[in-house]
Amino acid sequence: SQQGEEDPQALSIQEGENATMNCSYKTSINNLQWYRQNSGRGLVHLILIRSNEREKHSGRLRVTLDTSKKSSSLLITASRAADTASYFCATAPSGSARQLTFGSGTQLTVLP
Amino acid sequence: EAEVAQSPRYKITEKSQAVAFWCDPISGHATLYWYRQILGQGPELLVQFQDESVVDDSQLPKDRFSAERLKGVDSTLKIQPAELGDSAMYLCASSLGHRTFLPDTQYFGPGTRLTVL
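For the protein sequence lines, the chains are H and L, in the order given. The first sequence finishes on residue 590 if you use the numbering used here, and the numbering steps up by one all the way, no holes. The second sequence finishes on residue 131 if you use the numbering used here, and the numbering steps up by one all the way, no holes.
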């Protein structure tokens, strides 16, 4: 079963614009991770945020976590055509730091 | 850079046939995962190994699926017999996994695309 739900399901923007994707989940978590998947390929880890953290940055990525609302957001700034991919949030439940449950993903298209 | 290897990349089979997928994790990674990803959805965990032991196989359809990691290194996932609904991408991932209660980054292989006719 899918724990996380991403919103929107699909997002299309122009190169240079910012892209924001949201993730909501249902149960208490140990950590939340974001992964990226290019079409027909495996997933690539982007960033991990622990339940006691509120915000993390990595290059052009910014992740926020609101455990009271059971939600997270991923912001990609100054997007590039190469950012076109599916983005998934994955949650590890409290008591199991590494057993991930993935959401259904957001398909991001960055137009040149 | 070390990568997770999977083979074959593509497999087409007829229903009721047996299929097997192979995964070689990053050297030194103790934890190995098999996921199934249906088109348009996120990956769903089938089985998780810690070294050669199964940690979680609660979502593995055990009447037709089996997985093993005999020496705690590479792993094989088998389906017998295959059904039409098994058509999906099968992804293998590995992580360091040496401290059970700490978060881990999972490294994914390229996957095996299975089509059952």
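None of these hints come from the bench; they were simulated from the model. Note that the coordinates shown come from a computational prediction; the quantities given were computed from them, not determined experimentally. Glycine included, every Cβ here is placed at the ideal spot set by N, Cα and C. Among the hints, erroneous ones may be present.
[As the list claims (entries may be wrong)] Far from chain L, by Cβ distances over 12 Å, these chain H residues were calculated:
#, residue
1, Leu524
2, Ser549
3, Ala560
4, Gln577
[To be verified] Covered stretches of chain L, going by a simulated chain H footprint (3 or more residues, C-beta under 8 Å):
#, segment
5, 31 to 45
6, 78 to 84
7, 117 to 125
[Claimed, not checked] Here's a subset of chain H near chain L, in silico, CB distances under 8 Å, partners left out:
#, residue
8, His523
9, Arg528
10, Arg532
11, Arg558
12, Ala563
13, Phe566
Each hint, compared with the structure:
1. Leu524: violated, 10 Å
2. Ser549: Nearest chain L Cβ is 17 Å from H/Ser549, so the label holds.
3. Ala560: holds, 18 Å
4. Gln577: violated, 6 Å
5. 31 to 45: With 1 residues close enough to chain H, the hint is violated.
6. 78 to 84: violated (count 0)
7. 117 to 125: Holds, because 9 residues of the segment 117 to 125 of chain L bring their Cβ atoms closer than 8 Å to Cβ atoms of chain H.
8. His523: OK, holds: H/His523 within 8 Å of chain L, min 5 Å.
9. Arg528: Since the shortest Cβ distance to chain L is 7 Å, the answer is holds.
10. Arg532: violated, 16 Å
11. Arg558: With a closest approach of 22 Å, the H/Arg558 hint is violated.
12. Ala563: Violated, about 13 Å.
13. Phe566: OK, holds: H/Phe566 within 8 Å of chain L, min 5 Å.
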